[in-house]
Amino acid sequence: MSEVDLCDWCEEVLQPYLDRDLSESEQSEVEGHLAKCRWCERRYKFEAGLRRLVRQAVVEPMEPALKQRLSELRLDL
Amino acid sequence: MSETSSDEARRLAQGARDRVRFEEEALALADQVYRVARGVSRSKEEAEDLMQETYARAFRSWQSYTPGTNLRAWLLRILTNLNIDRGRRAQRTPDSQPLEEGDYFLYNRLEAASGETEEERVLERLSQDHVAEALSAVPHDFRDVLVLVDIGDFSYAEAAQILDIPIGTVMSRLHRGRRILKKELAELAVEAR
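Protein chains in written order, with this note's numbering: chain C, 1 to 77; chain X, 78 to 270.
Derived by calculation from the structure, the hints in this document are not laboratory data.
Certain hints may be false.
Straight-line distance between alpha carbons at most 20 angstroms, and here's what the computed DMTMM-like set of lysine to aspartate or glutamate pairs gives [unchecked claim]:
| # | chain 1 | residue 1 | chain 2 | residue 2 |
| --- | --- | --- | --- | --- |
| 1 | C | K45 | X | E188 |
| 2 | C | K67 | X | E101 |
| 3 | C | K45 | X | E102 |
| 4 | C | K45 | X | E101 |
| 5 | C | K67 | X | E125 |
| 6 | C | K36 | C | E24 |
| 7 | C | K67 | X | E210 |
| 8 | C | K67 | X | E100 |
| 9 | C | K45 | X | E100 |
| 10 | C | K45 | C | D8 |
| 11 | C | K67 | X | D126 |
| 12 | X | K260 | C | E11 |
| 13 | C | K45 | X | E201 |
| 14 | C | K45 | X | E197 |
| 15 | C | K67 | X | E102 |
Note that the structure is a prediction, hence the values are computed from the model and not measured.
Work out the full structure, taking the sequences as your base and the hints as a guide.
In structure tokens, the structure reads:
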């Protein structure tokens, strides 16, 4: 594959790569391309950062009052 | 006390101990369950109601939980079923229009709009508020999967078990859910300016 075709292929396998769902040989093919292609590398790093941002999206912790109400739902002995 | 009634007393005492242990284990998972509740609800109030219904039901039906199995998944199965029962299906159904853009689309849009070429700078164009708002715009079927896998850290298999859908459906909804999220983010961070 030419490097430009590899860019298209890397775009296609971006999600499975981040999900660690690629075969070992596919994974090293991606990594080999990223080492040579700053254009794709930026997009991969951005996507990994986006995943972290989404993971942190629900940061607001549970109110202590709710925790209290939940334990009051316990059945009486 | 006769032999039989003391056996009976021991059995009851053991049952009570099992139940208390179950309740304590369930409560210890509340923070993790809340993250998912908050992710699938439109507001904090809705998430809190959903938590109370979930725990009330869990405590009532504790005997149907098999000790040693995944309690977090068991609780979330109750939560997602209750969430479906609450008539949320009346909301916007997932549109089936294909999303043509590839996975680099959001980056390309943000880069073009900002003139930045370093990924850290481009990422800074997105805020937590953007993500929360974009997430709430993702239709429920896709959002449930996205919240479980990308926020709750569940595996595809666990998400499939919780939502009672095939693993292939988890993967396709996740794929589409992420695309929809990025499309919404592009609109919030670029077009709204």
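These are the hints, each one checked on the structure:
The hinted pair formed by K45(C) and E188(X) meets the criterion: a straight-line CA distance of about 13 angstroms does not exceed 20 angstroms. With a C-alpha separation of about 12 angstroms, the suggested pairing of K67(C) with E101(X) holds against the 20 angstroms cut-off. With a C-alpha separation of about 38 angstroms, the suggested pair K45(C) and E102(X) falls outside the 20 angstroms cut-off, and the hint is violated. Between K45(C) and E101(X) the CA atoms are separated by roughly 41 angstroms; this puts the pair beyond 20 angstroms, and the hint is violated.
Only pairs whose Cα atoms come within 20 angstroms are accepted, and K67(C) paired with E125(X) is accepted, the gap being roughly 10 angstroms. At most 20 angstroms may separate the alpha-carbon atoms for a hinted pair to count; K36(C) and E24(C) meet this at roughly 19 angstroms. Pair hint K67(C) plus E210(X) does not hold up; C-alpha atoms about 26 angstroms apart against a cutoff of 20 angstroms. Our distance criterion of 20 angstroms between C-alpha atoms is met by K67(C) and E100(X), whose separation comes to about 13 angstroms.
A threshold of 20 angstroms between alpha carbons decides the hint, and for K45(C) with E100(X) the separation of about 42 angstroms lies outside it, so the pair is violated. Taken as a hint, the K45(C) and D8(C) pair is honoured in the structure, with Cα atoms around 16 angstroms apart against an allowance of 20 angstroms. Between the alpha carbons of K67(C) and D126(X) the distance comes to roughly 12 angstroms, so the proposed pair stays at or under 20 angstroms and holds. For the hint pairing K260(X) with E11(C), the CA-to-CA distance comes to about 16 angstroms; that is within 20 angstroms, so the pair holds.
Our distance criterion of 20 angstroms between C-alpha atoms is met by K45(C) and E201(X), whose separation comes to about 13 angstroms. Restraint check for K45(C) and E197(X): satisfied, since their Cα atoms lie roughly 8 angstroms apart, inside the 20 angstroms limit. Among the hinted pairs, K67(C) with E102(X) is consistent with the structure: their alpha-carbon atoms are about 13 angstroms apart, no more than 20 angstroms.
Going down the numbered hints, you'll see the structure goes against 3, 4, 7, 9, while the others check out.
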